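S.K.: So you can see what is in the structure, the chains are spelled out below.
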Amino acid sequence: MSKEKILEVKNLKKYFSTPSGMLHAVDDVSFDIREGETLGVVGESGCGKSTLGRAVLRLNDPTSGEVIFRGENILKYGKKEMKDLKKDIQLIFQDPFSSLNPRMTVSQSIAMPLLIQGIYKKRDKVALNKKVNELMDLVGLAQRFVNSYPHELDGGRRQRIGIARALALNPKFIVCDEPVSALDVSIQAQILNLMQDLQKEMGLTYMFITHDLSVVKHLADKIMVMYLGQVVEYCDVKQLFEKPLHPYTKALLSAIPVPDPDVHMERIILKGEISSPIEPKPGCRFARRCIYATEACTGTDITLTEVEPGHFTSCVRIHEINNIL
Amino acid sequence: MNNILEIKDLVVRYETEDGIVKAVNSVNLSLKKGAALGLVGETGAGKTTLAKSILRLIQWPPGRIVSGNILYDGTDLTAITENEMCKIRGNDISMIFQDPMTALNPVLTVGKQISEVIEEHDKISAKEADSKMREMLSMVGIDPNRAEEYPHQFSGGMKQRVVIAIALACNPSLLVADEPTTALDVTIQAQVLDLIRNLREQLGTSLLLITHDLGVVAQNCEYVAIMYAGEIVEYGELRDVFKNGLHPYTEGLFDSIPKLNEDVDRLKPIEGLMPDPANLPEGCTFHPRCKYAKDICKTQKPEKRTIEGEHIVYCHRFSEYEHLWKEGQENE
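Order-wise, the sequence lines are chains A and B.
All residue numbers for the first sequence refer to the working numbering, where the first residue is 25 and numbers rise by one.
All residue numbers for the second sequence refer to the working numbering, where the first residue is 757 and numbers rise by one.
The set of hints was computed from the structure by calculation and includes no laboratory data.
All values derive from a computational prediction rather than experimental measurement.
One thing to keep in mind: the hints can contain errors.
[Claimed, not checked] Ranges between beta-carbon positions, derived for each pair:
{"hint": "1", "chain 1": "A", "residue 1": "E330", "chain 2": "B", "residue 2": "L864", "range": "49 to 55 Å"}
{"hint": "2", "chain 1": "B", "residue 1": "K1024", "chain 2": "A", "residue 2": "S122", "range": "27 to 33 Å"}
{"hint": "3", "chain 1": "A", "residue 1": "L99", "chain 2": "B", "residue 2": "Q909", "range": "34 to 40 Å"}
[To be verified] Below, a list of computed lysine-lysine pairs in the BS3-like style, where the Cα atoms sit at most 27 Å apart:
{"hint": "4", "chain 1": "B", "residue 1": "K1015", "chain 2": "B", "residue 2": "K1050"}
{"hint": "5", "chain 1": "B", "residue 1": "K1015", "chain 2": "A", "residue 2": "K224"}
{"hint": "6", "chain 1": "A", "residue 1": "K262", "chain 2": "B", "residue 2": "K1050"}
For glycine and all other residues, C-beta sits at the position ideal for the given N, C-alpha and C.
Hey, can you work out the whole structure from these sequences and the hints?
M.R.: So, in structure tokens, the structure goes:
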């Protein structure tokens, strides 16, 4: 398990300024991913998981913090270095309908990154077409779609184009932002299998952002649960599903309906809804909805601490709640 | 009469310039009084069209109910006048729509949108309707003081509660919920499903729950119908279908989903795609994707076959042509 750390994120913050104050989208998040592993980032809408993914790729420049990719802080990179870096890190978007240019054919979309990075020249048609065909084979897109436009294809095939495009430059690290949530279950399974195969074949590292815990459980090695811009629990997938510690994680797990009439989860119904991320008050962000909240939970910010080996949570009452010494 | 809803040989089509879309093809379905039936299927299976036909909300052109009957408590909804239908809609049968963001009128206060329904059906004074509306709001867990606010001031989960309050304002005996929680986060979904369950217990409402989420069905329904390409392919009590699912499509659906309570290394997706409803394959509509398909499946539609009690499946493997299917297997 001593694979090298490919990505290290330290105290990353991303604030947006809005008319009513600073919106803390990602607030002091630290984690690392080892080569060939998959980190699942889960949370509900508005928890900052997509912003985190984009901040790691510098699609939104972070407010502060460090993103260290293979030992170098990429937040210090200039324009040219960033362009080079894009060969190694890529993104698969959530919505296969809006993330493809409607006026480009399948082959044009896939060829785009190769041309931008100057790996192939436009006049070098034969070699470029061969590479595009290889990529289409790799993601299981039939050659007959080479000149099709996105509107002619279904969601699953469109998502395959998105994957082929992300793989074109042979990246090492891919941020996948809800890649299967827009797809039907039978198609979702096809895409998940494809992503697993590609990871094995090409030694890819994934940061997999999703709201679907069952997908994360299936794919990820490590998991990070976010709530209102902060990490509330971070550990191995096995630990999280066998022994969730944070009250929010417990509620989240209990809320998922299990497709088995014999399994009846003890449901923890949370009161209220996610509060506003604009100028949040210090203290635990989840306290307002938490059944265990006391005065100790408000006032001062709570930091992520290692409760058991490799199992981090941010809750001051974690020991009392879970009876750990 | 213990079925509140009986759908008999219902056929719904959309006649478009590009051809006839066969959205619902001879569907037979019934719902017992007080029970909850889950209707499961993927995008384009015809679930929403089926739901809308029950309330006669299919717009012509391009869509219409071509044939079949929909019996609500013995009344054929396809035969009555539009005026009579209006009295039933919202009063006896009401619908929760999928997207709470678009189901509400943005320029009316949420209170007005609820009291409107009550005034229309109960024929009571505006003042009485107002107090009933406030009662409804607190029943779905919204502070009645927010009645004067507009939909955009509410979050997604709150809006869906308002939609539920509208649907339940006149104590309907049948509630048709079309993906009521698909647009919501899981913790909010749990709140909304909990609410619907409590209301059913209090008011004895029957429920037709349309969803693509097998988990939601397992935790909320007593009966399940699996729909594929405009047809019901399997129907039965929850346990029959979930524990002893027979149709290959049902099997494929269960193998496709990653489960929280089991470990699987690799998912087994259903190969291929749902057929275009304007151009359905001959024979069994599922045969191009079916791993068990034999010659007979390509030419003949499978008949209804009752397995045990109320468990029904439409598949040659279990029909009277079973011997032909078996011969096909031996020939290979």
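S.K.: State, for the Cβ atoms of A/L99 and B/Q909, whether the hinted interval 34 to 40 Å holds or is violated.
M.R.: 38 Å, holds
S.K.: Please test the hint of 49 to 55 Å on the beta carbon pair from A/E330 and B/L864.
M.R.: Roughly 53 Å apart at Cβ, these two residues keep to the hinted range, so it holds.
S.K.: Straight-line Cα separation of B/K1015 and A/K224 no greater than 27 Å?
M.R.: 22 Å, holds
S.K.: Sort out whether B/K1050 lies within 27 Å of B/K1015, counting only the CA atoms.
M.R.: 31 Å, violated
S.K.: Mind checking the alpha carbons of A/K262 and B/K1050 for me, to see if they're no more than 27 Å apart?
M.R.: Violated, because 42 Å separates the two Cα atoms, which is more than 27 Å.
S.K.: Within 27 to 33 Å: is that where the Cβ-Cβ distance between B/K1024 and A/S122 falls?
M.R.: About 30 Å separates the Cβ atoms of B/K1024 and A/S122, which means 27 to 33 Å holds.
Against the hints set out earlier in the document, violations occur for numbers 4, 6.
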